[in-house]
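Undergrad: So you can see what is in the structure, the chains are spelled out below.
2 protein chains.
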Amino acid sequence: MRIWITEVAPRDGLQNVKERIPTDRKVAFVDMLSETGVDEIEVTAFVHPKWVPQMADAQDVLRRIKRNPKVIYSAIVPNEKGLERALETDLDKIAVLTAATDTFNLKNINTDIEGSFQRLIPVVRKAKTEGLKVRGYVSVAFWCPYEGKVPPQRVKDMVLRLFDVGVDEVSLGDTIGRASPSDVKDLLEIILKDIPPDKIVLHFHATYGMAIANVICAWKEFGIYRFDTSAGGLGGCPYAPGASGNAATEDVAFALRESGADVRVDIKRVIESAESLGLPLESAISRVPRENL
Amino acid sequence: MRIWITEVAPRDGLQNVKERIPTDRKVAFVDMLSETGVDEIEVTAFVHPKWVPQMADAQDVLRRIKRNPKVIYSAIVPNEKGLERALETDLDKIAVLTAATDTFNLKNINTDIEGSFQRLIPVVRKAKTEGLKVRGYVSVAFWCPYEGKVPPQRVKDMVLRLFDVGVDEVSLGDTIGRASPSDVKDLLEIILKDIPPDKIVLHFHATYGMAIANVICAWKEFGIYRFDTSAGGLGGCPYAPGASGNAATEDVAFALRESGADVRVDIKRVIESAESLGLPLESAISRVPRENL
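Chains as they are written, first to last, in the numbering used here: chain W, 1203 to 1495; chain C, 1203 to 1495.
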């Protein structure tokens, strides 16, 4: 299978940036990303502006981007109020949120695992009746900053429940970037017994330096071909102490291409897109002289 | 086998630093590294001060460090003149230099592959009669900045010739940091047919973001357990356009430990040693809050 990239920089990359980025610049960023060959773009999040001020212009951004028909556009929708706002825009897919530990859910969305399901179930149902695709996120699917190593069986049970509830795919997040290929193996061995690999997306962070090793392990050893990545390695997690950037789109694309995978992302365009924001980039490949790529 | 770390920051990490680092600070750095649990320290290089001014105090550094009997101390010796100076100090091991392409050798040491052997052969012989261990370096063993992908068979032939000449081990360098796990596999599959893994050391750079993936691949799939790493990810290569830091000792140690390897390096002490220089660090693990390590 060819590699399938969900570009998350406009949401995961920007949500923690303190300085408010003008809507125009976000729209231009998404439009540039739309021409890089990525398959999906997570454009924004319909969260309460009080909690994530950077995402207050979610509707405006979605209304003003120039849609590329080859790209799937999605947004995070944490609750029914968010879904109402989302449905006033033109979206292909929404993403709902849970996390693999009670503590992380409590810190992140102010309810436990069970509460997170009660919150997301009506959102999934309504979204499906409106014809939207739905992704379920499971954050801290490998390690939790509060509870440590997360039991793979618990994550699998949550994934199965998300599919029961009606989601089309699940993204497993190494939110604090602490997973090793060993952890990836532990989880995928259990999950892929009952779930086909095309339903699973992996979302790594580069914090502990193992994101690329994890991507290659998941692809080579388990046939996972869908990854969430962030142009320039932008991003992090506000509720995860020590979390740094997302796995960078250009680093993941380069490493997979060199490993023999069918990667259709234009690496130079990805870097140019990230550079357009004027933020410090975290990726390795963006520091390599362009003529060597 | 437990992981065997050759700490190269005092040499590979510092050789390109423009600002001259006082001998005192280098000595203190090596002394700190001696207490981190690394197995070897490449302390300096007996190169001509005109070419690498930072290494002009090679003899002074070696004379003033406090030797830990558990640690092997080595230095690069590119020619007979360098060996004379090296023999006036107390060393366990020297390292001689070649590279896998004529062009890289010409740019780096001003002679081709054949010339590099003619230069290193008398150095190896004399060093052996003096009771020193000898390492052979093969730079650009995967990719050359001038000649592209290097044929693995050529590298293997050079490695065999180095052993014929009398070296005890060979370190294969991904000098420009462009190797992927696929490249590592290509080379090790050929080399390990005729050479035992304990004779091979791998020396990765983090330039293209794949060093950790390469280390894990080499260890897990091929049983390689000896790596050259640099505290803080310090270093690079002056003759390789775009080369950034070495694979960081703390990143390699963390990833291998998480992967189940027997790693005896004290990660926090490694970071403290690197921080003692006051230079910007390049590693992922040095940015993680210390209490999470």
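Because the hints were derived from the structure by calculation, they are not lab data.
A couple of the hints might just be wrong.
Which copy? The list can't say, so a pair holds if one copy fits it or any two copies do.
Cross-link-like lysine-lysine pairs, in silico, DSS-like; alpha carbons within 30 Å at most [claimed, not checked]:
| no. | residue 1 | residue 2 |
| --- | --- | --- |
| 1 | Lys1268 | Lys1358 |
| 2 | Lys1470 | Lys1309 |
| 3 | Lys1272 | Lys1422 |
| 4 | Lys1422 | Lys1387 |
| 5 | Lys1351 | Lys1330 |
| 6 | Lys1358 | Lys1220 |
| 7 | Lys1272 | Lys1351 |
| 8 | Lys1295 | Lys1220 |
| 9 | Lys1470 | Lys1351 |
| 10 | Lys1309 | Lys1268 |
Remember, it's a predicted structure, so these values are computed and weren't measured experimentally.
Undergrad: Confirm or reject each hint.
TA: Results of checking the hints against the structure:
1. Lys1268 - Lys1358: Neither: 37 Å inside a copy, 53 Å across copies.
2. Lys1470 - Lys1309: between (37 Å within a copy, 29 Å between copies)
3. Lys1272 - Lys1422: Classified as within; 26 Å inside a copy, 39 Å across copies.
4. Lys1422 - Lys1387: Both ways: lysine 1422 and lysine 1387 sit 11 Å apart in one copy and 13 Å across, limit 30 Å.
5. Lys1351 - Lys1330: neither (33 Å within a copy, 50 Å between copies)
6. Lys1358 - Lys1220: Answer is neither: 35 Å inside a copy and 52 Å across each miss the 30 Å cutoff.
7. Lys1272 - Lys1351: Close neither inside one copy (38 Å) nor across copies (34 Å); limit 30 Å.
8. Lys1295 - Lys1220: Within one copy only: 27 Å inside, 52 Å across.
9. Lys1470 - Lys1351: between (36 Å within a copy, 21 Å between copies)
10. Lys1309 - Lys1268: Cα proximity of lysine 1309 and lysine 1268: none, with 36 Å in one copy and 49 Å across.
Of the hints listed earlier, those the structure fails to meet are numbers 1, 5, 6, 7 and 10, in rising order.
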